[in-house]
Structure formats: structure tokens, C-alpha cells
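Q: Residue numbers (our numbering), protein chains in the order written: chain A, 1 to 116; chain B, 1 to 119.
Hint data in this document are derived by calculation from the structure and do not stem from the laboratory. Fair warning: there could be bad hints in the mix.
Claimed, not checked - From chain B, some residues computed to sit far from chain A (all C-beta separations above 12 Å):
| # | residue |
| --- | --- |
| 1 | S28 |
| 2 | M45 |
| 3 | A72 |
| 4 | T108 |
What the hints assert, rightly or not - Computed from the model, here is a short list of chain A residues facing chain B with C-beta under 7 Å:
| # | residue |
| --- | --- |
| 5 | F74 |
| 6 | E83 |
| 7 | P109 |
Claimed, not checked - If you anchor each label on the Cβ, the simulated ranges turn out as follows:
| # | chain 1 | residue 1 | chain 2 | residue 2 | range |
| --- | --- | --- | --- | --- | --- |
| 8 | B | Q83 | A | E83 | 26 to 36 Å |
| 9 | B | Q56 | A | L116 | 46 to 56 Å |
| 10 | A | S7 | B | Q14 | 31 to 41 Å |
| 11 | B | L114 | A | R85 | 40 to 50 Å |
| 12 | B | N67 | A | P70 | 22 to 32 Å |
| 13 | A | N51 | B | R43 | 46 to 56 Å |
| 14 | A | P70 | B | S30 | 19 to 29 Å |
| 15 | B | D81 | A | K68 | 38 to 48 Å |
| 16 | A | G16 | B | E17 | 36 to 46 Å |
| 17 | B | T116 | A | P70 | 14 to 24 Å |
| 18 | B | S28 | A | V53 | 23 to 33 Å |
| 19 | B | P41 | A | L116 | 36 to 46 Å |
| 20 | A | P70 | B | E17 | 43 to 53 Å |
| 21 | B | P41 | A | I5 | 15 to 25 Å |
Idealized CB from N, CA, C, for every residue including glycine.
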Amino acid sequence: DAGVIQSPRHEVTEMGQEVTLRCKPISGHDYLFWYRQTMMRGLELLIYFNNNVPIDDSGMPEDRFSAKMPNASFSTLKIQPSEPRDSAVYFCASSPGLAGAGNEQFFGPGTRLTVL
Amino acid sequence: AQTVTQSQPEMSVQEAETVTLSCTYDTSESDYYLFWYKQPPSRQMILVIRQEAYKQQNATENRFSVNFQKAAKSFSLKISDSQLGDAAMYFCAYRSAQGSGGSNYKLTFGKGTLLTVNP
Chain A
1 DAGVIQSPRH EVTEMGQEVT LRCKPISGHD YLFWYRQTMM RGLELLIYFN
51 NNVPIDDSGM PEDRFSAKMP NASFSTLKIQ PSEPRDSAVY FCASSPGLAG
101 AGNEQFFGPG TRLTVL
Chain B
1 AQTVTQSQPE MSVQEAETVT LSCTYDTSES DYYLFWYKQP PSRQMILVIR
51 QEAYKQQNAT ENRFSVNFQK AAKSFSLKIS DSQLGDAAMY FCAYRSAQGS
101 GGSNYKLTFG KGTLLTVNP
């Protein structure tokens, strides 16, 4: 399996622009997670989905952030409009399920976002 | 809410030596999972080891082992025979095992410990 795939790996944009980050989870995984990593706040969960349905979005910082999962193999995280404080590494992770051995979350390589 | 604390921002070890990274957590739950993740300069998050709270036996994975002290809410990682490839940021993480839905399935991470391995 190719693992969790994220694109782009790097994104540089200007303040006010719309940014879309993409994620393809591991096939067969029921759960998908979006995390943000910054020096100040460390790794934070933004939102997670179960079977394409958002379960907990309490970590989404504000209305400028939105996430969708239109099908089991694709998710997007959108920031509109982007601000310099959104600069961070955004990780997508997927999990085969939460019972028994399925507790591990497999992380993608991350997208480094820089907002100028 | 659960919190995870890693009190050592940085650690260093000589190659082939042993190093222990500390992690404490705060929770009122009795059933949960604890993890150590490794993040090398490539920034890929890699699971190192996992511990179920209901298991008294400490988890081991080759050169990596944990010292899980449930009463003390402590979960340290020991790396034996350290190798240059072990150099990375190490994150301790907590996940609830209770309930369904809600925020129970999220990973709560510590701030990390940067491990340097000296040749």
C-alpha cells in the first residue's frame, strides 16, 4: 500500500488567497484525521471523519477552515481566506478502526503551508 | 480534558548507549492507549510503540521499550543501543478507549522531545 498520500507537499501563498489541501487515506480505513503542527502549539487535531461523516470538528480554529470527505478515498481541508498565522504543517492520518489492533493512526508526509 | 507533558525539550545520547525519554499524562479515565511517535527530519510521523492501559506488561519493540506506571500516570520510552537513525523528535500521545464518537478517538500529543544521537 502507498500509505496516506497528501498533496501538495509544500504550498506558498499570499494572505487572502484560498488554499486547498488534499488527502487520500489508506484504502479500507474508516477514519480520517486532519492535524496541524506548529512550534507554538505542537500537534493539534482539527477534525476527524468516520465513514466520510465528520465526527468532531471542535479543533477547527474558525470559520475560515472547512473540511470535506466526499468519498472514502478523498478528503480536503480548505482555508479561505488564508492568513499568515495559518502557516504550519498539516497532516492527514487514517486508521482502520478503533477496536483491537486498529488503533494506530497512519500519518501522511504532511503539507508545509506558508502564508505570506 | 486529557493533557500530555514531555518535560525534556531536548536529549542527547552517545551511539550504542541507552536513553530514556519521559512522558506524564493527566486523565480521569481508566481505559486508554498510549503511544510514542517518532518524527525524523523528513517530518513523517512513525509509530514506535503502543501500550494499552489495561495491560500491566510493558510493551517492547526490538530496541524500544516502555516503562508504564499507571498509578503515577507515567509512560517513559527507553531506547537501547542507540543508533544514528534514532535521531528525531519523539512525541508521546494519549487516546481514550471509552465511549463512541465525540472526541474520544483523537490523539492528544505532548510537545515533543528532540533526541540527538552523537557518533
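Q: Are the hints correct? Go through all of them and say.
A: Status of each hint after checking the structure:
| no. | hint | verdict |
| --- | --- | --- |
| 1 | S28 | holds, 19 Å |
| 2 | M45 | violated, 4 Å |
| 3 | A72 | holds, 23 Å |
| 4 | T108 | violated, 8 Å |
| 5 | F74 | violated, 21 Å |
| 6 | E83 | violated, 22 Å |
| 7 | P109 | holds, 6 Å |
| 8 | B:Q83 - A:E83: 26 to 36 Å | violated, 41 Å |
| 9 | B:Q56 - A:L116: 46 to 56 Å | holds, 52 Å |
| 10 | A:S7 - B:Q14: 31 to 41 Å | holds, 40 Å |
| 11 | B:L114 - A:R85: 40 to 50 Å | violated, 24 Å |
| 12 | B:N67 - A:P70: 22 to 32 Å | violated, 44 Å |
| 13 | A:N51 - B:R43: 46 to 56 Å | violated, 28 Å |
| 14 | A:P70 - B:S30: 19 to 29 Å | violated, 38 Å |
| 15 | B:D81 - A:K68: 38 to 48 Å | holds, 46 Å |
| 16 | A:G16 - B:E17: 36 to 46 Å | violated, 51 Å |
| 17 | B:T116 - A:P70: 14 to 24 Å | violated, 43 Å |
| 18 | B:S28 - A:V53: 23 to 33 Å | holds, 28 Å |
| 19 | B:P41 - A:L116: 36 to 46 Å | violated, 24 Å |
| 20 | A:P70 - B:E17: 43 to 53 Å | holds, 50 Å |
| 21 | B:P41 - A:I5: 15 to 25 Å | holds, 20 Å |
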